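Q: Each chain is listed here by its residues.
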Amino acid sequence: MIKEKEHTEPKSEDTNQGPIIEIIDLHKTFGEDNTILKGVNLTVNKGEDLVILGRSGSGKSVTIKCIVGLIEPDQGEIKVFGENILNLSKEELNEMRVKIGFLFQSGALYDSMSVRENLSFTLRAHKRDLSEEEVESEVIEALESVGLGDAIDKMPSELSGGMRKRIGLARTLILKPEIILYDEPTTGLDTITSREISELILDIKNKQKTASIIITHDMACAKMTADRIMVLKDGVIHAEGTYEELEKDEDEWVRSFFE
Amino acid sequence: MILNLKNTFAQIGDVTLFAKRFFKEVFIPPYEAKEFLKQCYIIGYKSLPLVAITGFIMGLVLTLQSRPTLVKFGAESWLPGMVALSLIREIAPVITALICAGKISSGIGAELGSMKVTEQIDAMEVSAINPYNYLVVTRILACTLMVPLLVFFADAVGILGGYVGINIHGDVNFYRFLTQIIQSLGFLDLFPATIKTFFFGFFIGMIGCYKGFNAANGTESVGKAANSAVVTASLTIFIIDMVAVQITDLFF
Amino acid sequence: MEKKSEYTWKLGMFVSIGLLLFIVAIYFIGKQKNLFGSTFHISSQFKTVSGLEVGNNVRFSGINVGTVEEIKLINDSSVVVRLVMKEDVREFIKTDARASIGSDGLMGDKVLTISPGVKSTKIIEDNGQIASVDGIEMQDIMKSVKKSVDNVGVISDELAIFSHSMNNGNGALARLVRDENMANSVSKTLSNLETGTKGFSDNMEAAKSNFLLKGYYKKKAKEKEKKQEEIKEKKEEQKEKEAKEKEAKEKALKEQKEKEEKQKEEAKKAQAEKEKKN
Numbered sequence: 001m002i003k004e005k006e007h008t009e010p011k012s013e014d015t016n017q018g019p020i021i022e023i024i025d026l027h028k029t030f031g032e033d034n035t036i037l038k039g040v041n042l043t044v045n046k047g048e049d050l051v052i053l054g055r056s057g058s059g060k061s062v063t064i065k066c067i068v069g070l071i072e073p074d075q076g077e078i079k080v081f082g083e084n085i086l087n088l089s090k091e092e093l094n095e096m097r098v099k100i101g102f103l104f105q106s107g108a109l110y111d112s113m114s115v116r117e118n119l120s121f122t123l124r125a126h127k128r129d130l131s132e133e134e135v136e137s138e139v140i141e142a143l144e145s146v147g148l149g150d151a152i153d154k155m156p157s158e159l160s161g162g163m164r165k166r167i168g169l170a171r172t173l174i175l176k177p178e179i180i181l182y183d184e185p186t187t188g189l190d191t192i193t194s195r196e197i198s199e200l201i202l203d204i205k206n207k208q209k210t211a212s213i214i215i216t217h218d219m220a221c222a223k224m225t226a227d228r229i230m231v232l233k234d235g236v237i238h239a240e241g242t243y244e245e246l247e248k249d250e251d252e253w254v255r256s257f258f259e
Numbered sequence: 001m002i003l004n005l006k007n008t009f010a011q012i013g014d015v016t017l018f019a020k021r022f023f024k025e026v027f028i029p030p031y032e033a034k035e036f037l038k039q040c041y042i043i044g045y046k047s048l049p050l051v052a053i054t055g056f057i058m059g060l061v062l063t064l065q066s067r068p069t070l071v072k073f074g075a076e077s078w079l080p081g082m083v084a085l086s087l088i089r090e091i092a093p094v095i096t097a098l099i100c101a102g103k104i105s106s107g108i109g110a111e112l113g114s115m116k117v118t119e120q121i122d123a124m125e126v127s128a129i130n131p132y133n134y135l136v137v138t139r140i141l142a143c144t145l146m147v148p149l150l151v152f153f154a155d156a157v158g159i160l161g162g163y164v165g166i167n168i169h170g171d172v173n174f175y176r177f178l179t180q181i182i183q184s185l186g187f188l189d190l191f192p193a194t195i196k197t198f199f200f201g202f203f204i205g206m207i208g209c210y211k212g213f214n215a216a217n218g219t220e221s222v223g224k225a226a227n228s229a230v231v232t233a234s235l236t237i238f239i240i241d242m243v244a245v246q247i248t249d250l251f252f
Numbered sequence: 001m002e003k004k005s006e007y008t009w010k011l012g013m014f015v016s017i018g019l020l021l022f023i024v025a026i027y028f029i030g031k032q033k034n035l036f037g038s039t040f041h042i043s044s045q046f047k048t049v050s051g052l053e054v055g056n057n058v059r060f061s062g063i064n065v066g067t068v069e070e071i072k073l074i075n076d077s078s079v080v081v082r083l084v085m086k087e088d089v090r091e092f093i094k095t096d097a098r099a100s101i102g103s104d105g106l107m108g109d110k111v112l113t114i115s116p117g118v119k120s121t122k123i124i125e126d127n128g129q130i131a132s133v134d135g136i137e138m139q140d141i142m143k144s145v146k147k148s149v150d151n152v153g154v155i156s157d158e159l160a161i162f163s164h165s166m167n168n169g170n171g172a173l174a175r176l177v178r179d180e181n182m183a184n185s186v187s188k189t190l191s192n193l194e195t196g197t198k199g200f201s202d203n204m205e206a207a208k209s210n211f212l213l214k215g216y217y218k219k220k221a222k223e224k225e226k227k228q229e230e231i232k233e234k235k236e237e238q239k240e241k242e243a244k245e246k247e248a249k250e251k252a253l254k255e256q257k258e259k260e261e262k263q264k265e266e267a268k269k270a271q272a273e274k275e276k277k278n
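Chains as they are written, first to last, in full-length UniProt numbering: chain G, 1 to 259; chain H, 1 to 252; chain D, 1 to 278.
These are calculated hints, taken from the structure and not from any lab test. Treat the numbers as computed from the prediction; the structure is a model and nothing was measured. Just so you know, not all the hints are guaranteed correct.
As the list claims (entries may be wrong) - Only pairs whose alpha carbons sit at most 25 Å apart, straight line, appear in this in silico DMTMM-like list of lysine to aspartate or glutamate: (1) G/K127 to G/E141; (2) D/K47 to D/D104; (3) G/K90 to H/E32; (4) H/K34 to G/E132.
Please work from the sequences and hints to get the whole structure.
A: The following block contains the structure:
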């Protein structure tokens with residue numbers, strides 16, 4: 001029911017307000033000398049889809065995990081809605097996290113719970129005063145927004161990879177986040193399913209006016225969803241621009257993505 | 001060698017912090033009552049058949065094994081009391097705890113380990129659900145409360161096994177058998193053993209959770225977490241048992 | 001939500017049965033220790049409690065009716081033992097009941113036994129006190145056994161000397177035992193004596209009827225009775241001694257018999273001499 005959206009080319013909406021996410025000079029080293037991030041700077045504006053491209057191990061996932069506080073950077077600032085999340089207390093950070101959706105690579109559905117419980121558990125953790133019926137209707141609404149209303153009573157093990165990701169997305173959406181971070185949303189899926197997911201991302205952006213960061217190395221997905229693309233190489237932003245701009249880029253390393 | 005030792009101590013320190021966090025978070029809402037009950041069901045009820053079978057066999061075998069020695073001293077009538085005493089004081093708690101270490105500790109280790117590897121724990125974290133509270137506190141608490149209950153069952157079934165064992169060679173009326181047992185039991189036999197089982201339960205749950213929660217990334221680490229949970233929990237049970245018996249011995 | 005009720009009742013059952021087992025165990029152990037149900041206390045004072053411990057059973061007519069609750073030393077030679085007992089046996093325990101300490105089997109625990117009194121009909125009160133009978137200590141038994149064994153030693157030494165002189169000596173008694181001629185002459189002498197005494201006794205009868213000598217003879221008859229009684233008592237004592245020493249070795253028994261023989265012979269001899277004198 002959502003899939004018939006036209007394939008909008010990257011568009012530049014008016015983004016006059018300040019950035020929603022601002023990362024300044026982010027460094028992260030794992031262990032003794034495994035330096036992943038060497039000073040990443042990026043900004044995401046309201047209602048903007050930012051695609052981060054990069055090879056495996058270039059630090060894409062680490063960057064967005066830093067934004068939700070799963071990984072603590074060694075150095076730098078991460079401002080979300082103008083607040084540096086590194087200075088927040090645990091409670092404040094959790095409040096912030098409710099506003100940030102995060103879709104994991106595998107979907108990260110809770111294996112021991114049915115789809116319904118996956119969604120209602122997340123919802124209930126934050127809105128304890130909702131009645132059974134309200135929870136149920138919100139769960140159904142979230143599932144239908146990803147087009148999987150009939151999977152409500154299934155267990156995660158019965159779902160295909162694409163369905164898991166969509167349920168994962170529904171679970172993220174149920175908290176009505178203002179920012180959604182996608183960690184490789186199309187990895188491991190066939191072209192058609194990838195395309196469906198990309199359409200879904202676009203659809204969510206248009207309907208819910210969320211800002212997103214999408215990490216991918218799938219150019220089809222990037223092409224469909226990106227307002228702006230950043231290319232991450234060796235822990236720093238190597239290039240930045242719209243899809244069209246980067247496509248014409250002379251840099252060999254950037255070009256390698258488009259071939 | 002020194003590095004190894006350092007790592008061991010680092011791990012013990014880590015476990016201590018992990019346990020400390022439990023005592024801090026167990027009092028902090030939200031209380032995950034539903035998950036707690038579910039874990040109680042899985043840990044308690046689902047382990048019951050295993051514990052009952054082991055308990056029965058221990059009671060039976062213990063009776064058959066002690067019988068010849070007691071007969072030699074003409075003290076056959078002490079058999080029920082002796083079997084009940086050794087069951088309640090030592091064998092039922094330790095065997096149940098070991099069974100639980102094998103079943104529960106490894107189960108929790110594998111479950112949390114795979115949740116960690118498939119980013120489910122991270123997913124909770126980013127949806128602002130405290131995974132420690134939801135996953136760890138409920139499991140440790142359930143273990144702490146359910147293992148003593150399982151031990152009561154093991155005691156009872158073990159005594160039943162002892163009755164069967166005695167009736168293989170002789171003919172003792174069940175009522176007489178129970179009277180003999182109750183006569184030989186005191187509160188000092190029951191209480192220290194019961195208190196001990198709470199510690200067993202706590203450590204079984206805690207070690208399983210710790211190993212699972214701190215699993216490295218990668219599928220292989222799930223198996224490692226489960227395996228090392230069993231080994232560590234079993235060893236810990238024996239150490240606690242030794243300490244508990246010494247303390248009991250000291251005071252009573 | 002249907003899934004919830006599917007397991008909650010099983011969990012509930014599991015928990016209830018588990019707790020029930022624990023409570024039942026506590027109840028029965030407590031009952032065994034008289035913790036529940038109405039009880040009363042009595043105490044008794046002992047010189048020694050022979051290793052009685054708190055928690056040992058108290059028996060009345062062989063039935064366990066209570067336990068030892070407290071053992072307290074009140075001075076250097078007395079210990080007060082406080083007992084807790086079932087209320088329903090109180091009516092059978094009278095004020096003159098006595099407590100004693102014994103042991104349950106060879107290796108068993110000590111038990112405190114209450115034996116009923118004879119005269120009193122007054123039921124003992126709560127916190128009342130009863131008299132005690134000091135138990136027989138193993139040490140005491142050993143002491144008395146040692147004493148009698150020592151005595152047996154002395155006796156057997158003397159017997160050995162005696163029988164040696166009997167067999168090898170040339171004394172009158174030895175000859176009496178060994179020499180046939182001697183025995184014959186003794187028996188002849190005895191029969192002569194008999195006839196002699198008959199005449200003498202006739203004379204004596206005459207003398208008895210003499211009023212002057214009446215008082216003297218009466219006195220003599222009385223003394224004779226007394227002597228006979230004393231002999232009887234002695235014999236009884238000896239019998240008791242025999243019973244005690246039965247536990248001692250066979251040898252001792254044998255020697256005892258010999259000793260009796262000797263005594264009999266001595267008595268015989270004494271009689272003979274007495275008659276000779278007469």
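Q: Hints numbered earlier in the text: which of these fail when held up against the supplied structure?
A: Result: no hint breaks.
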